Amino acid sequence: MIRLSRNRWGRILAGPFFVFSALMVMKMVLAGLVVFEDHDFWLTLATGIPSVWVFFCLIELLVSKRRLTAYLVVNLLLTGVLFAVIMYYKYFGIIVTYHAAQQINQLTEVKSSVWSLLHLNFLLIFTDIVLFVLGLLLSRRFRAWAWSWAAAPQFARVSRRQLAAAGLAVSVLWCVAVSWPHKDSINEIKKAQGMGILNYEAYAAFADLLEEEFDPSLVTREAIDGLKGIGKVENPEGWGLAQGKNLIVIQLEAFQNFLIGLRIDGKEVTPVMNRLAQESWYFPRFFQQVGQGNTADAEFVVNTSLHIPRAGAASVVYGEKELPGLPRLLAEYGYDSMTFHTNDVIFWNRKELYPALGFARYYERKFFGDEDEVMFGASDEVLYRKTADVLEQAAAVGRPFYAMLVSMSAHHPFNLPERKYRMELPERYEGTLVGDYIRAQNYADEALGQFIGRLKKSGLWESSVVVIYGDHVGIPKYSLTGYEKKLLQDEIFGREYDVQDMLNIPLLIHVPGEEPRVFEGVGGQVDVLPTLANLLGISLGDRIYFGQDLLNQPENLLPERYYLPSGSLITEKGVFVPGRDYEDGVSYPFDGVEDGHPAATKDQFERALHLLAMSDSYARALPERQK
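For the sequence shown, the numbering used here begins at 1 and goes up steadily by one.
By construction, these hints were calculated from the structure, which means they are not laboratory data. Model, not experiment: these values are computed from the prediction. Worth double-checking, as some hints may not be accurate.
Here are the simulated lysine-lysine pairs, DSSO-like style, with alpha carbons at most 27 Å apart [claimed, not checked]:
1. K183 x K456
2. K267 x K420
3. K351 x K386
4. K267 x K456
5. K90 x K183
6. K228 x K602
7. K321 x K351
Ranges between beta-carbon positions, derived for each pair [as the list claims (entries may be wrong)]:
8. G231 x M423: 28 to 38 Å
9. K366 x Q278: 30 to 40 Å
10. L33 x E583: 40 to 50 Å
11. K456 x E583: 24 to 34 Å
12. G369 x N235: 27 to 37 Å
13. Y421 x E322: 40 to 50 Å
14. E332 x D215: 22 to 32 Å
15. W180 x K366: 18 to 28 Å
Note that beta-carbon positions come from the ideal geometry of N, C-alpha and C, so glycine has one too.
Using the sequences plus the hints, can you model the full thing?
Here's what the structure looks like:
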C-alpha cells in the first residue's frame, strides 16, 4: 500500500498533472460559455476531466524526460481544438470536427473573414501557454524551476507508471460512459454538450465508421417524390414558357432577402434588386441549403438539385464525380455552357467542380485579372463588364447558352474599400457588421444594375431567362454583438433576428414577356433546377433530383445541414431545429410569432432525414469522371 504524507499530497496536487488539468477545464468552460446557450459548469467538469486525463496519463506513462515539453505540446493542441470550436461556431453555428481540416488550405483566401470573427477575449484561452513560453525564454530562474517542477518524482518510478496506467484505463472508461448515452442525439451541439467537447471530437473521428449505408438502388424518382409529397401534375403551369431562351444565372454573394425593400433613414439599400423584385417573379420565402463550402456549395446545389454531403465541401467530396445537372442537361438540348468567377479556380476546388458539373468552359482570375480588386479578386463591376462581352459574342453565334455568374465583392467581412462607397450610413451603423454588410450590398446592387443595363442594351434581356438568388447568409446570428442584435431588432426586423431570417435569401426569375408575380410558397436552392427545367420545356423524366418545381408544388420540405444542427428542416410553417431528437426540438416561425405548434411534424422530420441519406447514397454511387 502506498501511503502519502500531507506534504506529498500537496506536491502531487501542485504538480503538472493536476495544474494542467485545472487549466484545461477552465478553457473548456470558456468554450462552453460561447457555444452552449444553457452551459452547465458541472457537466463540463464531469465530461472534461476524463478527456484531458487520457492525454495526461499517457504522458505520465510514456514520457520520462522532457515531461514539461509534452504537457505544453498537448496543452497547445487541445487548446487549439477548443479555439477552433469557438471560432467555427461564431460563423457557422455548429461544432467543428476533423473534416474541416481538409479545407485548411482555404484559410489564406479568407483570412480577413477569420480575423473579423476574432474577439480579444477568445485569446484568453492561450494565456497560460504564452506565459509559460515567455517564462522559459526570458527567465533562467523560471526555466530552472519549471524543468525541476515537471520532473520532480512524486512516486516511485514503478508506482507512477502503475498509477498512470490505472488512471488511463479509468479515464477511457469514464469518457465512454459519459459519451455513450448521447451517441444517438441528432443535434451536434446537444451531442457535444452531453459528451463534452473533446469527447465529441474523438467520437466524430470514428462516427464515419458507424454510419449506416443507404442502398443506392433504392434511390428512385418515385421514392423521392413520395418522401417529399410531390404529386403528378398533368398540365404544369409555366411549361415551356421560355423554351429555347438563353439562361443566365446570377449568384449574389451573401445576399439575404431582408435587403429587398429595406430603407435606412429613407434611403433604399438595394434599389436595383427592389425594382427587379417588382418586375420579375419573386420568391420571398426562399432559403439557402449550403454547407462547409458556402458559395461553392450553392453552385453545386443549384446545378445538381442534390443535397450537400454530410461532411466536407461538395466541391471537394464530389469533385471527381460525373455530376448530373444543368450544364449536362442543357447540352442535350444544344446549349453551350460557361461559368464566371473572379477568384482563382483552385479556390474551393472549382477546377474539379466545374468539369464535374459539365460546364464547357470557365472564366476565372486569369481571365478577369486583378483590375479594380475587391476582396479576393476583380470587382463585381469588372465581373459583369467582361462577362457581358463574352455573352454578347456567344449570342452572335446563334446557339442558346447557359451562363452562371458568381459575384464576390460583398464577401464577409464586408471590408469594402472607400472608393466603392455608394451610400452614406448613419453614425449608429458605422463600425458594425450590420453597417459594413449594408454598404457592401449597396455597392454590389449598383454593379448588378450596370450588368442588367448592359443586357437590356444588347437585347439579351429579352432573349434570356435571368435568375438571381443569394448564395448564403451574410450576417450569421452567432457573430453578432449585443449592439448589432439590437440594431437589427429595433430598426430592421422589429423583433429578434433569428435563424428563419438568417437563412432566408431571395430568388428572382425574369421570364421575357411574363407579368411580375410573387410566389409565397417555400423554396430552396435545391428547387432551382426542376423549376427552370419546367420553364425551358425540358422533361426530367426519371432523372434523380431532390428539389421540386416551385411553380406547381404548393408545399415543400427542405432539409438543412449547416448553420443549423443536423435534422433541421424548413416547412411552410417555419424552421424546425431538433434537440436530442424530434421531441425536444425548437420551432422558429417565419413571422417570429409562436402559435404552440411545431414547424414540422415528426413524420416530416423523419422524411427529411431520409432524403438526406438518399442524396448522400446517390451522390457517392455516381461514376468517377473520365479525365
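To see whether the hints hold, each was checked on the structure:
Of the pairs offered as hints, the one joining K183 and K456 is violated, with about 56 Å between alpha carbons and a cut-off of 27 Å exceeded. Pair hint K267 plus K420 holds up; C-alpha atoms about 17 Å apart against a cutoff of 27 Å. Between K351 and K386 the CA atoms are separated by roughly 20 Å; this keeps the pair inside 27 Å, and the hint holds. The suggested pairing of K267 with K456 holds, with an alpha-carbon distance near 26 Å, which does not exceed 27 Å.
A threshold of 27 Å between alpha carbons decides the hint, and for K90 with K183 the separation of about 24 Å falls inside it, so the pair holds. Pair hint K228 plus K602 holds up; C-alpha atoms about 14 Å apart against a cutoff of 27 Å. Pair hint K321 plus K351 holds up; C-alpha atoms about 13 Å apart against a cutoff of 27 Å. In this structure the hint that G231 and M423 lie 28 to 38 Å apart at CB is violated, the actual value being about 47 Å.
Separation of K366 from Q278 is about 38 Å and conforms to the stated range, judged on CB atoms against 30 to 40 Å. The hinted window of 40 to 50 Å between L33 and E583 is violated, with their beta carbons roughly 27 Å apart. A hinted range of 24 to 34 Å for the beta carbons of K456 and E583 is inconsistent with their spacing of about 54 Å. At roughly 49 Å, the beta-carbon separation of G369 and N235 lies outside the given 27 to 37 Å, and the hint is violated.
Our hint of 40 to 50 Å for Y421 and E322 holds, since their Cβ atoms are close to 45 Å apart. Between E332 and D215 the beta carbon distance is about 28 Å. The supplied range of 22 to 32 Å therefore holds. Taking 18 to 28 Å as the suggested C-beta distance range, the pair W180 and K366 does not conform, at roughly 53 Å.
Violation of the numbered hints given earlier is confined to hints 1, 8, 10, 11, 12 and 15; the remaining hints are satisfied by the structure.
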